[in-house]
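Protein chains in written order, with this note's numbering: chain A, 1 to 118; chain B, 1 to 118; chain C, 1 to 118; chain D, 1 to 118.
Derived by calculation from the structure, the hints in this document are not laboratory data. You can take every hint at face value.
Derived lysine-lysine pairs resembling DSSO-like cross-links, with alpha carbons at most 27 Å apart:
| id | chain 1 | residue 1 | chain 2 | residue 2 |
| --- | --- | --- | --- | --- |
| 1 | A | Lys94 | B | Lys82 |
| 2 | A | Lys64 | B | Lys94 |
| 3 | B | Lys64 | A | Lys101 |
| 4 | B | Lys106 | B | Lys94 |
| 5 | B | Lys106 | A | Lys82 |
| 6 | D | Lys64 | C | Lys82 |
| 7 | D | Lys82 | C | Lys106 |
The model shown is predicted, which means the values in this text are computed figures rather than measured ones.
4 protein chains.
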Amino acid sequence: MSSSDLDTLTRRLREFADARDWEQFHSPKNLTMALSVEVAEIVEHFQWLSEAQSNDLPEQTLDKVAAELADTLLYLVRLADKLDIDLLDAARRKIEINEQKYPVEKSRGNAKKYTDLE
Amino acid sequence: MSSSDLDTLTRRLREFADARDWEQFHSPKNLTMALSVEVAEIVEHFQWLSEAQSNDLPEQTLDKVAAELADTLLYLVRLADKLDIDLLDAARRKIEINEQKYPVEKSRGNAKKYTDLE
Amino acid sequence: MSSSDLDTLTRRLREFADARDWEQFHSPKNLTMALSVEVAEIVEHFQWLSEAQSNDLPEQTLDKVAAELADTLLYLVRLADKLDIDLLDAARRKIEINEQKYPVEKSRGNAKKYTDLE
Amino acid sequence: MSSSDLDTLTRRLREFADARDWEQFHSPKNLTMALSVEVAEIVEHFQWLSEAQSNDLPEQTLDKVAAELADTLLYLVRLADKLDIDLLDAARRKIEINEQKYPVEKSRGNAKKYTDLE
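Chain A extracted, bound-state conformation (with noise of 0.2 Å):
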């Protein structure tokens, strides 16, 4: 059974939304808006801070950074769910492409190759 934890995720938020008559708000177009909202919530902790103060956030900003984290998983289950993609298998899929664009050897360390990257 592929995909079991995303899978559980996926059936509680269409229940969740159907429960509260929800799916009319829930396009594709909105979800990618309300995903890129959340994201900028992650990216308002990190701002003024330092690369290595990014690696070391006190532990209050932690619980706050792994809610905003959620939301943003919760959002693309949803998203996928009402585009009928299966997340976890293109992410797969997606992991093999990057292993035979970025082969090891050219790619070790090198910065320039890194920011071509997307």
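Given the coordinates of chain A, assemble chains B, C and D onto it according to the supplied hints.
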């Protein structure tokens, strides 16, 4: 064994970054930026579509969107790993919080209530 | 005297940051993050609205949106200043490029063409 | 004559959209999405750079970043026009609010205070 699918992704991404000596670029600060860039690549596909059109993407567009959703999940999983956050556990707790915050009776089809969701 | 309005804003923001010793936080990297957070605060107001509703905001919402647009402009001006970019000049050049790229005849009401705008 | 530079941009963009019959795509909702996509294209240039590197971009990168800043300003001006918001006036009022909110004495070099800026 909880969160096994995301655990497997987490390990593969860790090995991927490690083999290429890319850990040096993966500060949480940088990863939040990369995450926001990936989400914008999803948004880009939807910005000029109506909500109805967003529910009915051409297959070719859908494939591209699936790849962007995958990229978003990969950076989200990577970021959670660097921050030592259990993403699936955080998501489950967030659903429980939302279930308390938005009781079915009061929230039913209520756009105004909904708007306050975040 | 070109770009006088934005020049004035630029100077006021420079003095504002300088007086508070905040230049240390205003690396271009950090300012791009702050800019993206402000834009998400605009998006937040529109995420669950229909396009028609977005054209007809209640006055109170409109005031809040105006304040978020202002924040976005302020960070954009600050970022341009730190990078020594003449924002108004860059905008004028971009309009000319777009006028060449999207000739009126071929672009008229063409959503498909439009989708390729970016 | 207040806001003359932005007024001129506003008119040119209105004529540009009008001539191409693109007003139909320019709902405030859609324009906020386009704005967020443009900002992400700025972020993309900075995501893997250190703060020091972000202060010292190669000229070729700087030209690309200038074009993205321009796109961001153009969509921001267009959005303000569609919402009938005087962008420059809103920006001036916001600076005054910030001057009251962050008195020089208390804010000087204070990262903690700064973090609460938004």
